[in-house]
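Q: Protein chains in written order, with the working numbering: chain A, 1 to 112; chain B, 1001 to 1113.
These are calculated hints, taken from the structure and not from any lab test.
For every residue, glycine included, the Cβ atom is placed at its ideal position computed from N, Cα and C.
Take these hints with a grain of salt, some might be off.
Unchecked claim - EDC-like mimics (lysine to aspartate or glutamate), calculated; alpha carbons at most 20 Å apart, straight line:
hint: 1; chain 1: B; residue 1: K1051; chain 2: B; residue 2: D1083
hint: 2; chain 1: A; residue 1: K42; chain 2: A; residue 2: E53
hint: 3; chain 1: A; residue 1: K42; chain 2: A; residue 2: D71
hint: 4; chain 1: A; residue 1: K42; chain 2: B; residue 2: E1041
hint: 5; chain 1: A; residue 1: K42; chain 2: B; residue 2: E1015
hint: 6; chain 1: A; residue 1: K83; chain 2: A; residue 2: E100
hint: 7; chain 1: B; residue 1: K1070; chain 2: A; residue 2: E59
hint: 8; chain 1: A; residue 1: K42; chain 2: A; residue 2: E1
hint: 9; chain 1: A; residue 1: K57; chain 2: B; residue 2: D1083
hint: 10; chain 1: B; residue 1: K1051; chain 2: A; residue 2: E100
hint: 11; chain 1: B; residue 1: K1105; chain 2: A; residue 2: E44
hint: 12; chain 1: B; residue 1: K1051; chain 2: B; residue 2: D1099
hint: 13; chain 1: B; residue 1: K1070; chain 2: B; residue 2: D1038
hint: 14; chain 1: B; residue 1: K1105; chain 2: B; residue 2: E1054
hint: 15; chain 1: A; residue 1: K42; chain 2: B; residue 2: D1038
hint: 16; chain 1: A; residue 1: K57; chain 2: A; residue 2: E100
hint: 17; chain 1: A; residue 1: K42; chain 2: B; residue 2: E1017
hint: 18; chain 1: B; residue 1: K1105; chain 2: A; residue 2: E68
hint: 19; chain 1: A; residue 1: K78; chain 2: A; residue 2: E56
hint: 20; chain 1: A; residue 1: K42; chain 2: A; residue 2: E100
As the list claims (entries may be wrong) - Covered by chain B, per the in silico footprint, the following chain A stretches (three or more residues, Cβ under 8 Å):
hint: 21; segment: 21-27
hint: 22; segment: 64-73
hint: 23; segment: 78-88
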Amino acid sequence: EPEVTQTPSHQVTQMGQEVILRCVPISNHLYFYWYRQILGQKVEFLVSFYNNEISEKSEIFDDQFSVERPDGSNFTLKIRSTKLEDSAMYFCASKWGGYEQYFGPGTRLTVT
Amino acid sequence: GQQLNQSPQSMFIQEGEDVSMNCTSSSIFNTWLWYKQDPGEGPVLLIALYKAGELTSNGRLTAQFGITRKDSFLNISASIPSDVGIYFCAGQLMTGGADGLTFGKGTHLIIQP
């Protein structure tokens, strides 16, 4: 069964450093998403991406964040200058059309 | 932004018991989804609902999309140990749109031996 994959599973970085989180969405899906989940809290929407551009972004997704689909399979989230409060699980999700979003296993980002 | 109120926050039940949890919103959603999350893993889709009033089952799970489009419930019948986890409701404003999901805070299901 096709699934969303994410790498790395755990990333440790120092405050102020840039990180890139990588995702491979399900192959025939058209919509791509990033969410984050701070430990013990709910999942929060960051950004959606469709037709090679950002469709929607939340207040969390400020100028420090960017997304890219560099080729036909990868979808990345870049955080330019990490802050302590960026520590969270980051989930990639994808969907084919109007319906269900499927989530990857997540990347745990720890900023020290 | 939209808020989803999910209850209860946690449930302590015995194996074999039925479980019920719900989500309410002050805003209308056109799609409701229920996910389960195990520790350290991503949310796994359980049931998706697209029409007001719709009742959908997936094995021992049953979910309904409220007629006002502002609420949904999830029932689990005859709970088993592997049902332990956190259950999240999620709503989407536009079916077919690129907008992100709004999640509830989750219901933590604990099954006592």
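Q: Take the hints in turn and mark each one as holding or not.
A: Status of the hints after comparison with the structure:
Distance restraint check for B/K1051 and B/D1083: the Cα-Cα separation of roughly 26 Å exceeds the 20 Å cut-off, and the hinted pair is therefore not satisfied. Restraint check for A/K42 and A/E53: the C-alpha separation of about 26 Å exceeds 20 Å, so the hint is violated. Of the supplied pair hints, the one linking A/K42 and A/D71 is violated, its CA atoms being roughly 31 Å apart against a limit of 20 Å. Between A/K42 and B/E1041, the direct Cα distance comes to roughly 13 Å. Compliance with the 20 Å bound is thereby established for this hinted pair.
Restraint check: the Cα-Cα separation between A/K42 and B/E1015 comes to about 26 Å, which exceeds 20 Å; the hinted pair is violated. A C-alpha spacing of about 32 Å is found between A/K83 and A/E100, which places the hinted pair above 20 Å, so the restraint is violated. For the proposed pair B/K1070 and A/E59, the alpha carbon gap of about 23 Å is over 20 Å, so the pair is violated. Proximity of A/K42 to A/E1 is assessed by CA-CA distance (about 27 Å); at most 20 Å being required, the pair is judged violated.
Distance hint between A/K57 and B/D1083 is unfulfilled; the C-alpha atoms sit about 33 Å from each other, more than 20 Å. Under the criterion of a C-alpha separation no larger than 20 Å, the hint pairing B/K1051 with A/E100 is consistent with the structure, at around 14 Å. Annotation: proposed proximity of B/K1105 to A/E44 holds, straight-line Cα distance about 10 Å (limit 20 Å). Restraint check for B/K1051 and B/D1099: satisfied, since their Cα atoms lie roughly 18 Å apart, inside the 20 Å limit.
Taking the CA atoms of B/K1070 and B/D1038, the gap is about 27 Å. The hint is violated against a cut of 20 Å. For a cut-off of 20 Å, the pair hint linking B/K1105 to B/E1054 is broken: about 23 Å separates their Cα positions. Distance check on the hinted pair: A/K42 and B/D1038 sit about 13 Å apart at the alpha-carbon level, within 20 Å; holds. Between the alpha carbons of A/K57 and A/E100 the distance comes to roughly 19 Å, so the proposed pair stays at or under 20 Å and holds.
Between A/K42 and B/E1017 the alpha-carbon distance is near 26 Å, which puts this suggested pair outside the 20 Å criterion. For the hint linking B/K1105 to A/E68, the alpha-carbon distance of about 29 Å lies beyond 20 Å, and the restraint is violated. Pair hint A/K78 plus A/E56 holds up; C-alpha atoms about 16 Å apart against a cutoff of 20 Å. For a cut-off of 20 Å, the pair hint linking A/K42 to A/E100 stands: about 19 Å separates their Cα positions.
Three residues within the 8 Å Cβ limit are the bar, and the segment 21-27 of chain A against chain B gives 0, so the coverage statement is violated. As drawn, the segment 64-73 of chain A meets chain B at 0 residues by the rule of a beta-carbon pair under 8 Å; below three, the given contact is violated. Using a Cβ-Cβ cut-off of 8 Å, 0 residues of the segment 78-88 of chain A lie near chain B, which falls short of the minimum of three, so the contact claim is violated.
The earlier numbered hints that this structure contradicts are 1, 2, 3, 5, 6, 7, 8, 9, 13, 14, 17, 18, 21, 22, 23.
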